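The task is simple: from the sequences and hints, build the whole structure.
There are 2 protein chains.
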Amino acid sequence: MKYPNGKKSDVQCKPVRNTTHHDTSRRGMTLESEINKSNDYYLAYKIANIHKKPTPITIVNVSYPSRNKAKITEAYFKIPSTTDYNGIYKGRYIDFEAKECKSRTAFPFSSIHAHQINHLADVLSHGAIAFIIVRMAYYNTDYLIKAEDFLLYYNDTDRRSIPYNWIKDKGHVIANTYLIPVDYIKTIDDVYFKEELDD
Amino acid sequence: MKYPNGKKSDVQCKPVRNTTHHDTSRRGMTLESEINKSNDYYLAYKIANIHKKPTPITIVNVSYPSRNKAKITEAYFKIPSTTDYNGIYKGRYIDFEAKECKSRTAFPFSSIHAHQINHLADVLSHGAIAFIIVRMAYYNTDYLIKAEDFLLYYNDTDRRSIPYNWIKDKGHVIANTYLIPVDYIKTIDDVYFKEELDD
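In order, the protein sequence lines correspond to chains A and B.
Note that this note's numbering has the first sequence beginning at 230, numbered continuously upward.
Note that this note's numbering has the second sequence beginning at 230, numbered continuously upward.
There's no promise every hint is true.
Any copy will do: because identical chains look the same in the list, a pair fits if it lies in one copy or spans two.
Unchecked claim - Cross-link-like lysine-lysine pairs, in silico, DSS-like; alpha carbons within 30 Å at most:
(1) Lys423 - Lys397
(2) Lys298 - Lys328
(3) Lys375 - Lys282
(4) Lys307 - Lys275
(5) Lys300 - Lys331
(6) Lys328 - Lys282
(7) Lys331 - Lys281
(8) Lys415 - Lys281
(9) Lys423 - Lys375
(10) Lys331 - Lys298
(11) Lys282 - Lys298
(12) Lys307 - Lys282
(13) Lys275 - Lys319
(14) Lys319 - Lys375
(15) Lys266 - Lys300
(16) Lys319 - Lys423
(17) Lys298 - Lys281
In case anyone wonders, no lab produced these hints; they're calculated from the structure.
Treat the numbers as computed from the prediction; the structure is a model and nothing was measured.
Written out as structure tokens, the structure reads:
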């Protein structure tokens, strides 16, 4: 297994939480906040129960200025050992990572921690529906990339990124509506459950 | 739906992370650290992929004393909207909360946030294997209580706690070995997968 974060990247791709999406049609929301809004909709309408995991941190110091509210005064971000999102849909375990990509030409592997790639492979082996959501910001398009396809490419290439042409070819475009800004459940229905019907 | 945290509790039951287990046979490990150790074993041996979620916090201030390491200087704990643990086993979505109970006589509902009880009910409706692990510290015994059983009792009682006798009767004792201190996967096999075989 390669360790993508050890490589220098030739294209820029930042983690979701540090990135603001500037397209006006998306009202300045980040990919993370749009997925959270979609998850809130799925939860409220009993469609699925999928949550973003809290950001993992190491807490060093906590003070107690009042009885009710502990205040964390020193803590550090940890490298996540899993993906950011998981939950359940139609009885299936769902697991994915989401990344926004500013490059027009490629999605760099360095955007995803090696731990997260290993995690996707592992949950797949247990029968998960696992994927990556990539927002190609320049094209204002979100793609669902099946972890199976991603891992095949990743394990078989010497490149440090996935070309945009591959993403267009293998990825599945995710619909964007006002109520469900990143409607990846609809894409799951098309990609995973239609396949099962076709069997 | 009742809101258990609004009620005053007649018995003491603290959240896992604040409690140290004092029985020497358990080497002073908390329930949380023992479940994490069990999850590490399940992960390493490709038995299951189940993780504790990070503690949810609200970050208010971050400083950058050096280039590499952002330091969180002000943050607060949030009330969790989901349970602490989830993942996948044998293709099934697994979801549970774990609590240590010091009382000899009952497990108080106030130990579990209302949000978490609603969450258990919701993931059940999507087809999850959902439960609560309760450590009855006085008896040095861990029980797996199916969310179905817990919710039936919870929604049908005026009590503020579950009597120990009910837990002994409806709960399923979890084995404790050196390598797997809280072997709840074995209990899942007995409770959920044998039931499926019996159908």
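We went through each hint and held it up to the structure:
1. Lys423 - Lys397: Answer is within; shortest intra-copy Cα gap is 20 Å, inter-copy 45 Å.
2. Lys298 - Lys328: between (34 Å within a copy, 21 Å between copies)
3. Lys375 - Lys282: both (20 Å within a copy, 24 Å between copies)
4. Lys307 - Lys275: between (32 Å within a copy, 24 Å between copies)
5. Lys300 - Lys331: between (36 Å within a copy, 27 Å between copies)
6. Lys328 - Lys282: both (15 Å within a copy, 20 Å between copies)
7. Lys331 - Lys281: Cα proximity of Lys331 and Lys281: one copy only (22 Å, versus 32 Å across).
8. Lys415 - Lys281: both (19 Å within a copy, 28 Å between copies)
9. Lys423 - Lys375: within (14 Å within a copy, 32 Å between copies)
10. Lys331 - Lys298: Between copies only: 24 Å across, 40 Å inside.
11. Lys282 - Lys298: The answer is both: 22 Å in one copy and 21 Å across copies each meet 30 Å.
12. Lys307 - Lys282: Intra 13 Å, inter 13 Å, cutoff 30 Å: intra and inter.
13. Lys275 - Lys319: Both. Shortest intra-copy (10 Å) and inter-copy (24 Å) distances satisfy the 30 Å Cα cut-off.
14. Lys319 - Lys375: both (18 Å within a copy, 20 Å between copies)
15. Lys266 - Lys300: Both: 28 Å inside a chain and 28 Å across chains, each within 30 Å.
16. Lys319 - Lys423: both (13 Å within a copy, 22 Å between copies)
17. Lys298 - Lys281: both (24 Å within a copy, 23 Å between copies)
Of the numbered hints listed earlier, not one is contradicted by the structure.
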